[in-house]
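Asker: These protein sequences, in sequence, are chains A and B.
In terms of the UniProt record's numbering, the first sequence opens at residue 1 and continues consecutively.
In terms of the UniProt record's numbering, the second sequence opens at residue 1 and continues consecutively.
In short, the hints are calculated from the structure, not lab data.
Every residue, glycine too, gets a C-beta built ideally from N, C-alpha and C.
Each hint should be verified, as a subset may be incorrect.
Stated by the list, open to error - Part of the chain B face toward chain A, derived, beta carbon under 8 angstroms: (1) L82; (2) G90; (3) I93; (4) A97; (5) D100; (6) V104; (7) G128; (8) E200; (9) H203; (10) D204; (11) P205.
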Amino acid sequence: MSDRLDELERRIDGLRAGVRTAMRAKDTATARTLRAELRAAERAWDALVTGDLPGAAPDESPDGSPDGPPGARAAGASPGRASEGGAPRGGALVTVREQVHQALTLLAAPAQPRLVAAVSEALLGGTLRGSRLTSLRRDEERSFASSPYGRPYYLCAALTDRLSPARGLLTVSTWPLERRVVGPLSPRVDFLTCAMAVARQLGADPLAALDPRALRLLARMARNIPGAAADADTADLGPPDPARVAEAAARELAVHAGRDTRDRAELAGRATSQLDDRSRLFGATTLITVARDAVVGDTVTTSGPAGDTATRGRR
Amino acid sequence: MNRLDALRGTTPQKPHDARAIAALAANPGCTRRALLDGAGIDKDAAARHLGFPAPFGQSPFAITRGNAFEALVKADGCAELLRMLRELLGLPIAEVAYHDVENVGAHLRHAHTRALFDRAARDGDDAGTVYDHPLLSVGIAGHTAYLEPDVVAFQLGGRFHIVEIKSFAVIDGQADPSAVAAAARQAAVYVLALRRMLAELGHDPLRVAHDVVLVCPENFANRPVATLVDVRRQLGVLERQLARMTALDRLLDGLPEELTFDLLPGEDGLPTRPAAELADALRRATARYAPDCLATCDLCFFCRDEARQEGATDLLGRHVRDELGGVGSVGEALGLADGARAPAEGQEEIARLLRNAERLRRECLA
């Protein structure tokens, strides 16, 4: 197997040189052909290198993305990257799904894909990119629909106060419902929880504490927690102290915790009594919510075209 | 309204967005623009058809950069924004409630925004702090335009504030004044829309602060920084302009009955009307060209060309035009200066100044 890999790597190197030569000679037609061959070779390399790894599940993307096995993409597009990423801290060749699960387990709170990707990259040696997580939830829901509870865990949505899926918040199905719902205070509470988790991980793992990405992540979070940065004047100079960040986060958390816990318990109770298994994991669709929330019924009709004609401010 | 519809003719109406409404306030004196916007005419298509396409629209890079910066500011329940609001306005630690209005889906957002703000205005401080992706509406000349602030409105001490997130940089506390002015105009539209919504719901519209929070990246880093911008002046201009648009009759009275700016789009949506005829129709409505139009109006190149052909003093900018008060064209001004032209009644003063200037110039050159 590795012979074929070696051969492919040589071929990739050759093709790269060919593309460069063609570009220098301004021969775009040749460059395009060579680039296509290069991509094909890289895909072949990816397929080969992930094909004999136990972690790479071939059914990662049920909708069958056209550019080859997606598990391979997670390993980094070029041979050089994957082979170095696969080294010390592991995780580089773990599936996207599992990487997200690891990051979420570390954070122990609903999180946005950006944060999941950042944590996975900084603390778990992952190779996630935020944009890769967009279809993940839909794929999970489809898998649950075809064979309920067929997997040990599902990556699913957080539930809003209307029991609909919250936009862009990922959770794990095995968490208690109270942790998977979001009330008005929950985004802040979750952020503080995540900051504490990151700080604790950095404090406990000296290897991670040396990673500049991890320190950047912690510094970014610390900046937004009162009293977490070392000193108001030197906030930007040195990396923050993990213990101090955790302490500051805990202090602010204490302010919000009481009311948030009440909100969440109420929401979780409603979700348990009103939703079926599938909606409890992936959220009730908005239309069902509309039927139930008769309160807004009269305004629904007038606001019909709102979504279509609305224009984003940034355009 | 019927005459406005006649002005538009068979051309489909173009919905207004916040930028377009904000641009209204940029040049309040322009009749042509007021009529075109009032009738909801697609100015871009008209300008294209006339052979004066304006190079508008942001580059994809700018849009991506803007979106990325916005996502950064709003990440993790607006964590960055909360920090800035705590520093800038002394937002208490306990105030962090975050409502993402977009969670309800596009078709319900406007109703949901109304419900949330109604509750917030009634229940006082406890109801919520940050409202993300609200959908506001504002009536323009009989039509409703929906606005989505790329911003968050939040409540502090019972007052709502509009937050405008922009990706132009603030360097050493300074930002490009024209970019800030544009942002202030756009934010003023949101302030106005939110005030109208509160008034409709029976609350005091002045609970929306006239200070908006402008969030920009600071000093070449991507670190956001917030500043307060007073938009009272922009609000005043905007109110006046919107009132004008609902009372366009006065403007219409001076125009011939059969005038229309119809593009007569064919089956493929492309205009079929002869460009010269459309240009003639447009010239019937007087424009008030100023160089700033190049940044805001789709028809700018057409109006500039017209002003050039007439030798109008508008081309020289608002300041010069106002200094030359009463002298409409460059030729006239030159004539007055070298004495080739006798000053008309009321022009004596400006003629004297121009002659003086001409004398000074000659002395300098001699």
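Asker: Does each hint hold? Answer for all of them.
Answerer: Hint by hint, here is what the structure shows:
Annotation: B:L82 was flagged as interfacial toward chain A, and the flag holds, the nearest CB pair being 7 angstroms apart, inside 8 angstroms. Residue-level restraint check for B:G90 is violated (minimum Cβ-Cβ distance to chain A is 12 angstroms; threshold 8 angstroms). Look at B:I93: its Cβ gets to within about 6 angstroms of chain A, closer than 8 angstroms, so that hint holds up. Below 8 angstroms, beta-carbon pairs count as interface contacts, and B:A97 has one with chain A at about 4 angstroms; its hint therefore holds.
With a cut of 8 angstroms, the hint placing B:D100 at the interface with chain A holds, because the nearest CB-to-CB distance is about 6 angstroms. Hint status for B:V104 relative to chain A: holds, with the closest Cβ pair at about 6 angstroms, below 8 angstroms. The interface hint given for B:G128 is met, as the beta carbon of that residue sits about 6 angstroms from the closest beta carbon of chain A, less than 8 angstroms. At its closest, the beta carbon of B:E200 sits 12 angstroms from a beta carbon of chain A; the interface hint therefore is violated under the 8 angstroms criterion.
A cut of 8 angstroms between beta carbons decides the hint on B:H203: the least distance to chain A is about 17 angstroms, and the hint is violated. Taking 8 angstroms as the C-beta contact cut-off toward chain A, the hint placing B:D204 at the interface is violated, the least distance being around 22 angstroms. Restraint check, B:P205 versus chain A: the minimum CB separation of about 20 angstroms is more than 8 angstroms; hint violated.
Hint violations for this structure: numbers 2, 8, 9, 10 and 11, all remaining hints satisfied.
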